[in-house]
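> Please assemble the complex out of the two chains, which come individually in their own frames, going by the hints.
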Amino acid sequence: MGVALGRLVQWTAPGHGTRALEKTPLNEAIMKEIIMFAESFIYKYPQEAKYVFVEPLEWKTDLDPSAFESGYVVSATTVKSEESDENGQPLLFLSVPQIKVRSFGQLSCLLLIAKDTKLKEAQACIEGNRNPIAKILGLDYNTVKEESSILNILDKITKYNDTESEIKMKIAILLKQLDVNLLNHSLKCISLEIPLHPAAVKNDIELLKHFSGKGEQTVLESIKYTSDYEYPNGCRAPPWRQILGEICYVLVKPHDVETLCITCSKEGVFLNGGKTDDEEINYERKGVIYKDLVTCLKEKSAKFSENMSKQKTRFNELQKEKNKPNETPKKEAPSALRKAIPGSDKTMLEKNQINFGKSNMTKRLEPSLNWRTTVDSKEHRTSVHEERHGGRVEKSAPSVSAGKAQLIRKSGEKVEEIVSESSSESEEDEEPPDHRQEANADLPSEYWQIQKLVKYLKGGNQTATVIALCSMKDFNLAQETCQLAIRDVGGLEVLINLLDTDDVKCKIGSLKILKEISHNPQIRRNIVDLGGLPIMVNILDSPHKSLKCLAAETIANVAKFRRARWAVRHHGGITKLVALLDCAQNSAEPAQSSLYDARDVEVARCGALALWSCSKSYANKEAIRKAGGIPLLARLLKTSHENMLIPVVGTLQECASEENYRAAIKAERIIENLVKNLNSENEQLQEHCAMAIYQCAEDEETRDLVRMHGGLKPLATLLNNTDNKERLAAVTGAIWKCSISKENVTKFREYKAIETLVGLLTDQPEEVLVNVVGALGECCQEYENRVIVRKCGGIQPLVNLLVGINQALLVNVTKAVGACAVEPENMMIIDRLDGVRLLWSLLKNPHPDVKASAAWALCPCIQNAKDAGEMVRSFVGGLELVVNLLKSDNKEVLASVCAAITNIAKDQENLAVITDHGVVPLLSKLANTNNDKLRRHLAEAISCCCMWGRNRVAFGENKAVAPLVRYLKSNDANVHRATAQALYQLSEDADNCITMHENGAVKLLLHMVGSPDQDLQEAAAGCISNIRRLALATEKARYT
Amino acid sequence: MNRKKLQKLTDTLTKNCKHFNKFEVNCLIRLYYNLVGDITERQGTVNGLDRNAFRNILHVTFGMTDDMIMDRVFRGFDKDNDGNVSVSEWVYGLSLFLRGTLEEKMKYCFEVFDLNGDGFISKEEMFHMLKNSLLKQPSEEDPDEGIKDLVEITLKKMDNDHDGKLSFSDYEQAVREETLLLEAFGPCLPDPKSQMEFEAHVFKDPNEFIDYMNN
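Protein chains in written order, with our numbering: chain A, 24 to 1063; chain B, 16 to 230.
The following block holds chain B by itself, in its conformation from the complex (with noise of 0.2 Å):
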């Protein structure tokens, strides 16, 4: 890529983007192409991060484990539904990722958590989210009787109009009152610490990140 067309791309995105300056916006556009043209170099063509790539970055940068719940930041990310995480969708969601508002980042969370995507978080959802987050007791009859009864009081804490499920009026009022809620269902944020260390790695020097990350 030339360095006009990176000029004209950073000076674009940094335009749509309020939580990143220009010298930030640049670093993550060069850490964006470093790393799809590693993986362009193993795979072939592909124009863009896709998920399996993606998948990597968070779970090694972001300590993240969950295996669904990436798959929904994934699809937090791709916001065109393309399969891929194009430049502009990676600087946008990491804009929100790093440095989102609460209201953003409660907007992004509910989306991640709203696994059908009707609006809702459903019990069945909170039991499929939840599911693993117990120790399996080898004393207990059920193991499921657990998550059952984890959901039933998660649902008891934030289900404001108590129609079993939680819409986004019931997150946002339950988040606004206890912020340790926004990540009810799952960590789909990254923890503070792998974090503050991204954010010196990426913005001192991109090419040195991906040593980082190899390492």
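So that you can see chain A by itself, here it is in the shape it has in the complex (with noise of 0.2 Å):
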């Protein structure tokens, strides 16, 4: 009963004399259970019941005196009961309003009197002995502590032996049973009322999230969070706020009310004081506190109780699959619980239980708390590490919060991701298992050695120190098995303080050791978690040039994860890496001493690697911009020295994806200098320089400035070699980018490139294809490169390629196959092999891209195949294939599918098959389109698709005139013409005449007949002439 009252009755705030009771649900219960007890306890125990209280419990009663009966002497204001003890003192005496009780018999009675007053005497009494147990059994019960209790109580019995002390114990006995059982009840009252945690207030939300949206059927029009940063426990309320249990703040647009601004915090969720005018939310309680999102929402939108309960099977569902992994962790505490419960050794349980209190107590203060130990992660893992080792009772609460924590930085990470990651970074980002050594485990005698050393780091002056890192630098330090040791004896932490001091040794030691750790991606996770990086970012401040090395080398190693690079920007690293490139001209600064100092070079070395690493990812691109890193590079980039022209051009590479950067690059004149490097001996700086050449080369200029500086043709020498695959996928991709340019084809041609590639059609990896293929697509637009492909035999390997899955491969090979089969001879080779039945099926390629390249290639196949019409009418289903891809939504597909109507369209017998599967209307609906591509295409298609039947009528019916009219303001010859052709095949009806003319096609069309294409001039006048002849008839019928 003593922990019970002690630790779970919630007792009002202290100062107003005596302490009052809180009137919580909780109170309530535990004081039921206490009345139960007593009431009962002359029944069950009548032997103890007689036992006499050390001291009697006294409080204030509200009960008169005449509610007492039978056994009481009662007078106006007092009561004294007939049973006393043996001094004759009354076991109960009233003097109003105090009472006295001096056994539970008498204790029993009297809350048997109470009646419905029970409560409230039982309240009064509790709060009146705050220790009660001292004044029932004696003092020295009281002081008694948990744990040996039962030790000491059967000790007691066997040292008095009399029955007045086994009486007393036996209810000492009872009394802890009845703690226990409080204990227990308010468990089951506590679980009742978990708070909210962060990771459920947004399942709930992204749940809400998925049924929002317009339209009638939608929970709620929109929900949405009041700021995109979630801190990495999971909050996303300013820090400040958290510390009052605040989770985050979401904008609610429900269907039927105002928008709402609702707190989400641990107590529960309300609606606060909204966003003020300057963007601030007011964080002031408007109104009750409900106990979740959902609750409340219903609460204030009648609409969102009423789709709600229509979609409430799907959310709950929902709810419970994303809940799961969160709930397991939470059940094991109570589950432990009860396994204990059962076991007779009652200590271990009490143990148990006020754990569990206690953790419940601090679960209260959570946001708080989880933001430290997220910062200070230090405790966080050592706390986890001992209880791996410890394998204690109460293992179970601490877990659950280490679990989560775990959790909430994953999401914290993901949400860093969305917000500045560029599409560069792929490798090495997700997180490694972080497996630690078991202690049980035989560990290498490298390990006791390190701890050795860690220890002296610890607590030696600076000579002792540098002694131990320098022996530990002897370690093999690129040895996983070394730089968990150095992790887990906690040399970690020591590495990085020393970095903080002011010992300049102390500090190049311990950065020689961490370059070497962080090739490790654990090790790397530990040091950002550590907050290392900040302190090395610091250093790069340092006057000394070896310091500036070595830190910006370790965090070249650490900044390979987004976390690390985003804490790199954000300390201010990356503007301090990129001054490091500029050391190299300052050679004026006085000589420092030279003892520990590297050379200028150097340092711009490792500040190129470190911005090598952080420009993986997009804001670290754009800050290096900003910084004014680009012609820093550039100036490096004409030194002569591999070691430092490689992290140069690999940055450059990296950041050669942003717009910004490429049009730098060539204002730099970088171009000249890339060009200048494949010529380099080096394998890595020529795949890098050929890498950047790659991402430039999307730009025309670049293009003409690789052939001017004569990039082509090392490029083309590059290709003869093809052991290394990185550099030969980076070469093939810079060519293929190259020959987009026709000059550039033409020289490639002449170096005899084509050859060689078509002969890395086979047996290369798919990054090297898809280059390769690329490449050759671009080479055969020309008619030269087209018969060099076929007498080289690379059709045949190219056709093979149609099978593949990977899409950027089927989209160059499908596009390369077409610019083959320009050729009627490539033609028959494609035929042959059965080519354009793999391009048709390509068409069912869920991928766009693949399915508009297959459309546009099937377009030379179906001009150029003999029996082109037999050939696509042997495709079983592929017509209405075809026809219902007009159904699309995508542009390019629309076009190209088009192109390929207009070629099947010229054979009569397949167009009355696509006319059946309804072509006219999918292409009339087509016909609004502002795109000039698919205008020009769909007025072929348009035109091509009139032979047939009464199609003309029907494109007239299905309102594709007017539209089409409005094609000839566009400002493209090509759909001038092939508008004017779909006119003038339109024309030939009548009715489409009479739209025509009030759509005012005739001026237009006039204007056209002066065009120098004779194609358009023909057309145009075809269309007036029809037009015109149908005014005539028109003129005729009426005079006649």
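Simulated from the structure, these hints should not be mistaken for lab results. Bear in mind that the values here come from a model prediction, so they are computed numbers and not experimental data. Backbone N, C-alpha and C define an ideal beta-carbon position, used for all residues, glycine too. Some clues are possibly wrong.
Sample of chain B residues lacking proximity to chain A, with all beta carbon distances greater than 12 Å (derived) [to be verified]:
| hint | residue |
| --- | --- |
| 1 | Q22 |
| 2 | Y48 |
| 3 | E193 |
| 4 | K208 |
DSBU-like cross-link-like pairs, simulated, lysine-lysine; straight-line CA separation at most 30 Å [claimed, not checked]:
| hint | chain 1 | residue 1 | chain 2 | residue 2 |
| --- | --- | --- | --- | --- |
| 5 | B | K33 | A | K496 |
| 6 | B | K208 | A | K568 |
| 7 | A | K496 | B | K208 |
| 8 | A | K321 | A | K247 |
| 9 | B | K138 | A | K496 |
| 10 | A | K649 | A | K765 |
| 11 | B | K33 | A | K568 |
| 12 | B | K163 | A | K478 |
| 13 | B | K163 | A | K475 |
| 14 | A | K478 | B | K180 |
| 15 | B | K219 | B | K146 |
| 16 | B | K146 | A | K496 |
| 17 | B | K172 | A | K478 |
| 18 | B | K208 | B | K37 |
| 19 | A | K478 | B | K146 |
| 20 | B | K180 | A | K568 |
| 21 | B | K20 | B | K94 |
| 22 | B | K171 | A | K478 |
| 23 | A | K481 | B | K146 |
| 24 | B | K208 | A | K478 |
| 25 | B | K138 | A | K475 |
| 26 | A | K481 | B | K180 |
This is how it looks when you write it as structure tokens:
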């Protein structure tokens, strides 16, 4: 009872004399338990009920003396029980309003008499007697500590061995049981009101988002956070609000009421003051606290609760699914308790409960605690560590929070991912499995030696520290055992702390080790978690060059994942690293103490190395550019040190994914140097240069620059060396992009690159194939090259590649095959290899780029195949497939399919088939487009489809004519020609002529008749003549 | 001291000292006489910086704290072993102290660490120099155990010929491999920061430096 009263019962704040009990459900439940215990005491334990308390329990009662009946001596203001102790003192004495009770028997009677006011009496009793056990059994029982009470009790029984103390013991044990009961009971109550936590809130909001949007069926119009930034603990509220337990704020727009600004906190969900004018949130609570978001919204919006009940089943299912992983650890704690209960060892049971009680109390403060755990994860780590080795009983409770912290951290990273990262980082971003060495596993001898050294690092002056550092450096730091050993004995913390000292030698020694061990992905993360990056970033300002170098090199190793890259930028590291690049130029600065110093070039190299790592994220690229990094990189590119050039070119290549950079690279005349370095001996350098050219050569001017600086020849030469696949991929990529320019293709032909490329069509990895095929696709735009490809036997391998699954590859292959098919001789080979069927089946590819590219490729195939109509008809379901692609919403797919239909429709029989499949209405539907490419091919398709049956009339009925007239106002001459041809075909129908005339076609067409384009002239004139003829006929009809 | 004599002294010292130019030598000489004068006034006649005065300078300007090392540094300066640092010893000493090449510094440091001057740094000498380098931990039974271990670690690292003591060639090889080991047994060279401050002050105005030291 003592424990329960001491720890669980919620007292009101002190300061108003005696403390009262708060009226909470929990307290009430406890009270009821106590009453039940006291009431039944007299029946269950008649012997013990007679025991006289050491001191009476005293309190102020509301009972009237008149309520007491038989067994009591009643007067106006006093009541005495007839039952009395050895000395004749009554066991119950009431002198209004004070009451004194001295036995359980009397307590039971009293409660029976009190009837309805039982609860009040019990409360008054507990408030009046803060330490009931001491009063009942005497002080020595109260001082007994929980853990040893049973032993103590047994001890006492054996010592005194008289009936008095035996009864006392029994009562003590009974009270103990009551205590346990109370704790169990209150546990149930507490578990009902477990506070909200960030993950649960997030789940709720995510789910609601799923069911939000336009339309009547959704539950909400919109729901969004007020802040996009999620702190690592899963909260979005600013830190100073997190302390108050607030998790995040959401703006909810239900269908039927104004936008609600809602605060989600640990305590529950409530409306706040909304957004003020200056985009701040008024955090003040307005209205009631609800237990969760859904309840709150149900209350606020009728529409929500209506639609919610419709969606309920789905929502619940999803919620369950989502909650599963979170719920399991939570359940652990209670189940562990339940297991413990049947056990006879009560002390253990008690301990458990107390701990649970405590952890529950701490839970209330959770936001701020989590805040701290992630910031100061050192603590967190050690606690996890202890737990693993300790294997104590209370394991379950803390591990919940540890698991949670991890979850939260992960979600934090996810947000970062969305915020700032670019496409170029794919490698090594997932969390590596964090396997720590088990305590029982056989540890290598290095572990103990390293542990000893770390001890000296911790407890030594600088001399001892330097010796320990030098000795540690002699271990094989490239080996994971040593890396993890350093971490597991707490060495990382010490090493990072050393960076914060004033002693240059210690810093150098520490960085030398960090530089090595940070090759390990886990260590990188640990270094970031321990806050190592800001310190290293600061060291970049040091006057000592070797320190700068080491710090930059370590940063280069650590910044291989996005959280680290973010941290570097966040602490101003990018500017400082860019400044390092400038070192080489400031040779005027006085010679420093030469002893520990490196050369300027080395400093710049390390800076570039770190920037290379950092440049994998988009925001860092931007930061590098803003810090003026590009001119510096350009300057360093002129040097001739290979180990300097690699990181410099690497950074440029990484950054060239951005338009800004490509422009700057052109402006800073970097291409020239990239080309120069293609001739270097170093394969890695060649690779990065080729890669950079690949990235930049999207731009036409750049392609010309590459040619003018003589870059095409080294590229062609590098094709012959196929051993280094990375380099080959980069080189073929550069060739691909360069061959978009015709002049470059001519050069490549001169260098016999086409033949080599064809040779690379087999036995190469996909990254290479994509580029090779892409390059061939570009080259085959020219007749000579198409012939070369055929003569080298390139068509077969190309057609073979049509069965692949790599999207990028398929896009390029279809394009290349299409380009080859322009040559009838090539087409024969493709046909023989069943290439058309393969192309056709790619129309079913899920990716629109592949579909479009395949459809484009089909056009020359149909044009150039012998018996094309027969061939097309032989593909079962093929025509239907093509017509149905007109339902796509991708403009490129539509344009390509229109082009394919144009070619298919040239065969009458096929035209009949596609007409049956409803090609006319589908084409007509597309007519209202602004895309000139689509307009052109659509007009061509329409003009070809007019050739069958009553299609002309049908186009008119489907309202395709009027939009077509508008095409004539486009700026594209190709659109004009195609449109005029289509209108000419359509004008064979009288109704269409009227529509055209109504839409002002004649004037536009008249203009076209003056065009230098003969086809256009002819079609426009034909169309006008049709319209005119109709007019004449009408006139004639009218006058006759 | 008259101007002519000073001029002559400066010239001779500059000729023999490769790391300082004439102006710097002049500054150092003036600083020396300022320091000596300072002491002479207090203690009567002395013809140079004595051990205590020199140690005071080491402590105040270069932040050295280890008594034993400071004594050894004094010996390193006091080439003729007369208990005083003369003006030429002062300039030559500082030349190494501030601007010495790695070779010079290795030689100097080795002499500092070779306490008995027998050409070897023995285990006992190492123990002696490192004995205050570890925080005493109350839990440990034998506080010297850690020091002994540290000596073993150092030997393992530096004793290339495995004879249980460090010869100069052992030491040189280890330092060339890892410069951090130059001052392996205690700081006997100025740390870069105080060195920079010292140079900045002395080579600007020696008189000002006196004030700087006294404050």
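> Would you pick out the hints that fail for this structure and give their numbers low to high?
3, 4, 5, 10, 15, 20
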